[in-house]
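Participant: Chain by chain, the residues:
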Amino acid sequence: MADYVFRYELDGGSELVYSDPLLEMIRAQLESILDVVIPVEGQREVRIDGFKLLRDRSTVHRIFPHEKESSERFE
Amino acid sequence: MHQPIVEFIRRQLHSLLSVIELEKDGRVVHVDGFRLRKPEDGLQAAGDRFHSGQSGRVSCGASSFQSVKNASLYEPRIELIKKQLESLLRVVQLESRGQAIEVDGFRLRNLKDWLSPSPCDPTEIFGYAGTRCNCDCVFCCNKGNPATLALGNFRRPASEEFAEMMSRLDYFLPKPGYCLFPTLGDIYEVMIHPHFFEVLEATREKSAKAFRITTNGECLTPEFISRLKKLKPVYVHLSLNSASPSRRARLMKGRHPKTAIESLPLLTEAGIPYALVIVPWPMDSVQEMLDDLADTVAYADRNLAHLVQVNLAGYSKYFSHEKLYDLDEVWSRVVSAVRDLRETTASPIVVMPSMYEENAYETRKNASKVVGLVRNSPAARSGLTRGDEILKLGSVVISSRPQARGLLSVLQGNEAGQASLTVERGGERVEVILNMEDFSYPYSPETDHHLGVIFMGTGLRLSYLESLRGVINSHNARHVLFLSSTLVKPIFEQLLAESHLFGDVRLDIGVPRNSFFGGNIFMGDLLVVQDFIDFIREYVKGGGYRPDLVVIPSTPFSLGGWGRDLTGRVYLDIEREVGIPVELLPCSTIFD
Numbered sequence: 001m002a003d004y005v006f007r008y009e010l011d012g013g014s015e016l017v018y019s020d021p022l023l024e025m026i027r028a029q030l031e032s033i034l035d036v037v038i039p040v041e042g043q044r045e046v047r048i049d050g051f052k053l054l055r056d057r058s059t060v061h062r063i064f065p066h067e068k069e070s071s072e073r074f075e
Numbered sequence: 001m002h003q004p005i006v007e008f009i010r011r012q013l014h015s016l017l018s019v020i021e022l023e024k025d026g027r028v029v030h031v032d033g034f035r036l037r038k039p040e041d042g043l044q045a046a047g048d049r050f051h052s053g054q055s056g057r058v059s060c061g062a063s064s065f066q067s068v069k070n071a072s073l074y075e076p077r078i079e080l081i082k083k084q085l086e087s088l089l090r091v092v093q094l095e096s097r098g099q100a101i102e103v104d105g106f107r108l109r110n111l112k113d114w115l116s117p118s119p120c121d122p123t124e125i126f127g128y129a130g131t132r133c134n135c136d137c138v139f140c141c142n143k144g145n146p147a148t149l150a151l152g153n154f155r156r157p158a159s160e161e162f163a164e165m166m167s168r169l170d171y172f173l174p175k176p177g178y179c180l181f182p183t184l185g186d187i188y189e190v191m192i193h194p195h196f197f198e199v200l201e202a203t204r205e206k207s208a209k210a211f212r213i214t215t216n217g218e219c220l221t222p223e224f225i226s227r228l229k230k231l232k233p234v235y236v237h238l239s240l241n242s243a244s245p246s247r248r249a250r251l252m253k254g255r256h257p258k259t260a261i262e263s264l265p266l267l268t269e270a271g272i273p274y275a276l277v278i279v280p281w282p283m284d285s286v287q288e289m290l291d292d293l294a295d296t297v298a299y300a301d302r303n304l305a306h307l308v309q310v311n312l313a314g315y316s317k318y319f320s321h322e323k324l325y326d327l328d329e330v331w332s333r334v335v336s337a338v339r340d341l342r343e344t345t346a347s348p349i350v351v352m353p354s355m356y357e358e359n360a361y362e363t364r365k366n367a368s369k370v371v372g373l374v375r376n377s378p379a380a381r382s383g384l385t386r387g388d389e390i391l392k393l394g395s396v397v398i399s400s401r402p403q404a405r406g407l408l409s410v411l412q413g414n415e416a417g418q419a420s421l422t423v424e425r426g427g428e429r430v431e432v433i434l435n436m437e438d439f440s441y442p443y444s445p446e447t448d449h450h451l452g453v454i455f456m457g458t459g460l461r462l463s464y465l466e467s468l469r470g471v472i473n474s475h476n477a478r479h480v481l482f483l484s485s486t487l488v489k490p491i492f493e494q495l496l497a498e499s500h501l502f503g504d505v506r507l508d509i510g511v512p513r514n515s516f517f518g519g520n521i522f523m524g525d526l527l528v529v530q531d532f533i534d535f536i537r538e539y540v541k542g543g544g545y546r547p548d549l550v551v552i553p554s555t556p557f558s559l560g561g562w563g564r565d566l567t568g569r570v571y572l573d574i575e576r577e578v579g580i581p582v583e584l585l586p587c588s589t590i591f592d
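Line by line, the protein sequences give chains A and B. First residue of the first sequence: 1, per this note's numbering; consecutive thereafter. First residue of the second sequence: 1, per this note's numbering; consecutive thereafter.
It should be emphasised that the hints constitute simulated quantities derived from the structure, not laboratory data. Values in this document were obtained by computation on a predicted structure and should not be read as measured data. Backbone N, C-alpha and C fix where the C-beta goes; we use that ideal spot for every residue, glycine too. One or more of the hints may lead you astray.
What the hints assert, rightly or not - What the simulated footprint calls covered on chain A by chain B, stretch by stretch (three residues with Cβ under 8 Å from a Cβ of chain B suffice, anywhere in the stretch; the number is not a length):
#, stretch
1, 6-14
2, 18-25
3, 28-39
Unchecked claim - From chain A, some residues computed to sit far from chain B (all C-beta separations above 12 Å):
#, residue
4, G42
5, S58
6, T59
Said to hold, decoys possible - Here's a subset of chain B near chain A, in silico, CB distances under 8 Å, partners left out:
#, residue
7, Q66
8, P76
9, R77
10, L85
11, E86
12, S87
13, F106
14, S167
Full structure from sequences and hints, please.
Facilitator: What follows is the structure in structure tokens.
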């Protein structure tokens with residue numbers, strides 16, 4: 001008997017955070033990857049909350065739209 | 001200028017297409033190129049094409065779409081693929097043979113890529129038959145599930161469900177311990193599925209494990225039981241709820257209450273052990289409910305029930321906005337009635353959740369006290385009695401219930417022949433000899449776990465405290481907020497008081513509210529990410545300071561193993577929202 005086919009619908013995706021579509025593509029990909037993995041450096045777990053494009057190391061782009069900036073978190 | 005981006009997209013699409021096929025209107029589409037979605041760029045040069053692997057095939061009569069929300073709970077890499085595709089499709093237009101094409105879905109390319117480690121319990125196959133019900137129980141917990149839950153079912157023809165079950169069986173590999181990722185929704189009545197026995201018989205060819213089948217009993221005719229008998233070992237969880245045909249009919253609205261009620265002696269005759277499940281529901285009055293509980297327990301006892309399980313009922317705000325009954329009054333009176341019934345009933349009776357009874361009646365919790373004994377089990381025949389507290393197993397001193405349970409399971413598994421137990425009984429130490437080979441129905445080594453000893457739930461492992469200390473050390477935390485539940489907190493506090501591991505740490509214990517489910521629900525395992533976020537925010541606001549670390553037992557996030565709550569949301573969102581490190585403490589559920 002042929003395998004049962006597991007199918008999933010595409011529905012346009014969630015709300016856009018950045019208006020730049022290429023930037024938003026990267027943000028969305030990182031956001032979705034970070035829901036299934038925890039990055040590590042050596043053996044140390046690393047918490048990621050932003051990224052920089054290699055061509056512009058001066059600008060940090062947030063990954064999670066609702067996450068508090070470290071400066072906003074209460075002491 | 002766009003070359004790095006183009007290469008990034010090319011690699012992403014290439015890796016995605018190694019595990020999925022894209023489709024449009026139920027047909028697989030062959031994708032061999034893409035273009036960026038900017039009118040001024042035009043088509044990409046041939047060098048930007050990617051290879052989709054094997055050539056696409058077109059198929060008709062596609063199966064139904066699966067729920068991505070359900071997948072997010074059990075296999076979130078599927079949700080990852082969906083989100084990746086959607087984010088890519090915002091910036092590229094796919095092509096096939098130079099023509100722009102649209103896609104609206106994807107399918108998994110090779111099911112063998114999706115095998116997960118699994119205990120390979122047969123329920124992982126026939127559980128998928130439970131998509132419909134032939135009753136309409138007034139207390140059905142599935143009525144209290146909001147739409148945002150990841151466990152919903154969707155309607156499919158029975159033939160398609162059968163095709164899925166048989167495919168799952170093809171990838172059901174008990175020896176290495178792998179099977180396909182689950183997609184179970186709410187499980188209703190498996191026995192009414194038109195392909196139920198075909199699936200069971202095929203599963204029996206692959207697994208010798210006991211079939212643990214939950215049923216409302218409406219199908220348990222003599223002929224049905226006769227077919228089940230051929231597939232032993234089988235253990236039935238029979239939701240009888242009342243031994244009175246009229247009361248059962250009002251509680252469950254099934255068409256065959258007498259079939260269910262009369263099945264008990266038939267199951268006994270067939271040598272199929274069963275747990276009789278009762279959900280006491282104060283339909284008319286609490287006293288009527290308790291009187292019926294006593295009658296139903298007596299009926300089960302006369303028919304040699306392996307176990308009587310009394311499920312204390314709660315309901316969510318989606319089930320009822322109005323208060324239906326006083327939970328403390330109903331639960332406390334049920335537990336009191338059960339404790340009285342144990343004096344006159346040979347079949348062991350447990351209350352679920354067992355910690356409710358333990359908190360109400362046991363000064364010293366987590367003890368290895370015998371609550372009941374399965375009839376004709378090695379434990380029952382050894383002379384153990386209800387109320388005994390196990391002090392030693394052979395030469396091993398027992399210090400907790402989980403330890404006693406673990407050792408009894410090992411003994412049963414080893415088929416060691418005989419073992420000695422030292423118990424405390426009425427203030428004195430008594431020694432009994434367990435003979436593992438001395439047993440008969442309803443006990444069975446294939447369906448029992450602790451040689452027939454019934455405890456008051458699983459208890460809390462002392463090793464959890466050591467694990468907690470390890471988590472705290474890894475963060476160098478000095479102020480820790482541990483989030484527990486109403487039921488577990490008293491036992492946890494007792495273990496903490498007896499431990500010397502946390503003297504240098506401030507350890508606050510909080511109990512979040514079940515705001516998501518609401519109603520009178522207060523179970524830790526039903527807490528969701530937002531419940532934890534809300535509690536932590538209130539805690540910080542209330543105290544004016546924040547802890548170094550929040551630790552949460554893993555059980556609300558353990559259904560799929562990917563750290564998702566019942567809405568499919570990942571626990572990592574808690575830390576993202578509150579800005580405080582959050583760790584899960586791996587532990588098992590309190591339900592046996």
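Participant: For every hint, state whether the structure bears it out.
Facilitator: The hints, checked one at a time:
no. : hint  : in the structure
1   : 6-14  : holds (count 9)
2   : 18-25 : holds (count 4)
3   : 28-39 : holds (count 9)
4   : G42   : 14 Å, holds
5   : S58   : 18 Å, holds
6   : T59   : 17 Å, holds
7   : Q66   : 6 Å, holds
8   : P76   : 5 Å, holds
9   : R77   : 6 Å, holds
10  : L85   : 6 Å, holds
11  : E86   : 3 Å, holds
12  : S87   : 4 Å, holds
13  : F106  : 6 Å, holds
14  : S167  : 4 Å, holds
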